[in-house]
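Work out the full structure, taking the sequences as your base and the hints as a guide.
Chains A and B are the protein sequences, given in the same order.
If you're matching positions, the first sequence starts at 1 in this note's numbering and goes up one per residue.
If you're matching positions, the second sequence starts at 311 in this note's numbering and goes up one per residue.
Everything labelled a hint here was simulated from the structure, so no lab data went into it.
Think of the CB as a built atom: it goes at the ideal place given N, C-alpha and C, for glycine as much as any other residue.
Be careful, since some hints might not be right.
To be verified - Not the full set, but computed from the structure, chain B residues with beta-carbon under 8 Å of chain A:
hint, residue
1, 355
2, 445
3, 447
4, 454
5, 458
6, 463
7, 499
8, 500
9, 504
10, 507
11, 518
12, 519
13, 520
14, 521
15, 522
Unchecked claim - Computed footprint of chain B on chain A; a stretch qualifies when at least three of its residues, placed anywhere within it, have a C-beta under 8 Å from a C-beta of chain B:
hint, segment
16, 185-199
17, 208-220
18, 257-265
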Amino acid sequence: MTTPLVAMHDVNIRFNTTRGWGYAVTAVSADVRANTVTAIIGESGSGKSVLGAAVMGLLPNNAEASGSITYAGLELLGLTDREWDQIRGIELGWVAQNPASSLNPVYRIDELISEAAIHRRRIRRRDKRRFAADLLTKVGLPAATGRNYSFELSGGMAQRALIAVGIGLDPPLLILDEPTKGLDPANYDRIRDAIMDLAGEGHTIMLITHDVTLAEQVADEIWVLYGSRLVEQAPKQDFFATPLHPYSQGLLAAMPSRGLHPIPGESPSFFVPPEGCPFVDRCPYAVAACHELKTPSHPTEGRSVLCLLH
Amino acid sequence: MSAPLIEFAQVTKSFAGPLTRSRHQVFANVSFTVHEGEIVSLFGPSGCGKSTLLRMFYQLTSWDSGRITYQGTDITSLPKSARREMHRAVQVVFQDPRNAFNPRWLIRRSMAEPLKLFKIVTTNHQTLIGEKLALLGLEDGLLDRRPHQLSGGQLQRLALARCLLVSPRCLLLDEASSMLDLSVQARMMELVKSLRTDEGISVLLISHDRDLVQAMSDRIYSFHDGTLSTDIAHTSDSSK
Chain A
1 MTTPLVAMHD VNIRFNTTRG WGYAVTAVSA DVRANTVTAI IGESGSGKSV LGAAVMGLLP
61 NNAEASGSIT YAGLELLGLT DREWDQIRGI ELGWVAQNPA SSLNPVYRID ELISEAAIHR
121 RRIRRRDKRR FAADLLTKVG LPAATGRNYS FELSGGMAQR ALIAVGIGLD PPLLILDEPT
181 KGLDPANYDR IRDAIMDLAG EGHTIMLITH DVTLAEQVAD EIWVLYGSRL VEQAPKQDFF
241 ATPLHPYSQG LLAAMPSRGL HPIPGESPSF FVPPEGCPFV DRCPYAVAAC HELKTPSHPT
301 EGRSVLCLLH
Chain B
311 MSAPLIEFAQ VTKSFAGPLT RSRHQVFANV SFTVHEGEIV SLFGPSGCGK STLLRMFYQL
371 TSWDSGRITY QGTDITSLPK SARREMHRAV QVVFQDPRNA FNPRWLIRRS MAEPLKLFKI
431 VTTNHQTLIG EKLALLGLED GLLDRRPHQL SGGQLQRLAL ARCLLVSPRC LLLDEASSML
491 DLSVQARMME LVKSLRTDEG ISVLLISHDR DLVQAMSDRI YSFHDGTLST DIAHTSDSSK
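Take a look at the structure:
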């Protein structure tokens, strides 16, 4: 069994908003094993990106996090800014969601890619073009792209440039947030291949996506978040062969390739404190005890599901 | 056989280069039809001209050659009243929903705009709007927000709900579910199919999601290197 690189125990994250407390992540306990790709899938607002931001120490000031998230044994929740400077980008790489707003438009791409290395690895400024060219080639872009500005790139090229920024210091753990959002099939394939190449080189990847097809293609492990809770965690083959949680079953059935079957009902409100299974109001198998369900069951080794049926 | 609702015949489009006088041809001799009650898809990569075709239909951009017709009549020769009726009957959801709503208006005002524009007579506008929102799983509370307070997925659903207010005969959906979660997309597409079945509405679906167009369409037209061809011998449940 591979050792966990990231271990989460009873992670809760809520936001203090003008409308009251909003609950983004509730009682999440799970491990990310080293040298694997873990896909975190779910709908908008399910807590995927917030969980990724918590691992990176990028939660906004109005967030309140409790529980424990460790990286190689180091507790991440509660680190100071100075301590984060020693690991962010070096041990943990982040590829943010939207390349159009994540790449500074007044700097050339090679400056963005080499910025961290100039400060952290003390590469010389005159070497930055070569440094950036190597990384751009690695993600399948021409080296000359380094002289472009972000607004001169297509969506797919900008996304790959953003990945090059994220892997600049060669961090063992990479968190990719919706890397294929809005891309056409050709660019989608290129990003998917880049992710698989990075995984092949030994990076541990947390892939946050609502694209179930991408998760099926590249992941080793699937986490399903719904209504702020981790409702199912399973190896990829097991998950796609036999999804256990009723929400997981509904999610797969809603894929165009599996018939486009909608899930009746609405997602739970962000502002209602989650108690029990968050899917209870939409679940055809729900019973009264589902409202009290606190912990997932473990039917088999390496698989857990938050459901009384299992 | 009656004339198709919409027909593009041998349409060619090129753009002038930004710095030179040379022109870049986007596509050449594109032909396709949408008949009453059909779901037809245009499939292709970014930049192939899918959205440009929609803009042409509303004469928001010109074309070099070819003919575009609505119910057999060239759209450039439609009299003003007929063009106005066409704009009511053929509703479009453009790709970026943020550009489809006035950022300074409450959603309530944006939603009521087509009812005023096309002089739709109802006993109560708000009830009609509420009905259409409910079809797409949206709450009335959204009406009192502004576009920047809503997600892209909510705006996409609002844009489709607004189209339905004026009882269209045809919907042009340009990546209209690209920002939706799977289950919400499935719900929207179920509604689209039921509109076709119950009310005979035609749909032109533009998408680069191959699985989606295959699941939805009676016919798929696919762009390859600037030409459009009927793609994939295709039958779906929706066409049965």
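May I ask you to test the interface hint for residue 522(B) with respect to chain A, counting a Cβ-Cβ separation under 8 Å as satisfied?
-> At 4 Å from the nearest chain A Cβ, residue 522(B) passes the 8 Å test, so the hint holds.
Per-residue hint verdict: residue 499(B), partner chain A, C-beta under 8 Å = holds (5 Å)
Under the criterion of a CB-CB separation shorter than 8 Å, is residue 507(B) in contact with chain A as hinted?
-> violated (15 Å)
Under 8 Å, Cβ to Cβ, is where residue 463(B) needs to be relative to chain A, so tell me if that hint holds or is violated.
-> Holds, about 6 Å.
Examine the segment 257-265 of chain A for residues whose CB is less than 8 Å from any CB of chain B, and state whether their number is three or more.
-> That given contact holds, which follows from 6 residues of the segment 257-265 of chain A lying within Cβ reach (below 8 Å) of chain B.
Closest C-beta approach of residue 355(B) to chain A relative to 8 Å, hint status | It holds, given that the least Cβ distance between residue 355(B) and chain A is near 4 Å, below 8 Å.
Per the CB criterion, is residue 518(B) less than 8 Å away from chain A?
-> Check passed: Cβ of residue 518(B) comes within 4 Å of chain A, closer than 8 Å.
Are at least 3 residues of the segment 208-220 of chain A within less than 8 Å of chain B when you compare beta carbons?
-> Contact hint for the segment 208-220 of chain A vs chain B: holds, 3 residues under 8 Å.
For the hint on residue 504(B), does the least C-beta distance to chain A fall short of 8 Å?
-> Result: violated, 11 Å to nearest chain A Cβ.
Go through the hint on residue 445(B) and say holds or violated, using the shortest Cβ distance to chain A against 8 Å.
-> violated (12 Å)
Hold the hint about residue 521(B) up to the distance rule: shortest CB distance to chain A must be less than 8 Å.
-> Where the cut-off is 8 Å and the nearest Cβ of chain A is about 4 Å from residue 521(B), the hint holds.
Proposed interface contact between residue 447(B) and chain A, which counts if any beta carbon pair is under 8 Å = Holds, about 6 Å.
Comparing the model with each earlier hint shows violations of hints 2, 4, 5, 9, 10; every other hint is respected.
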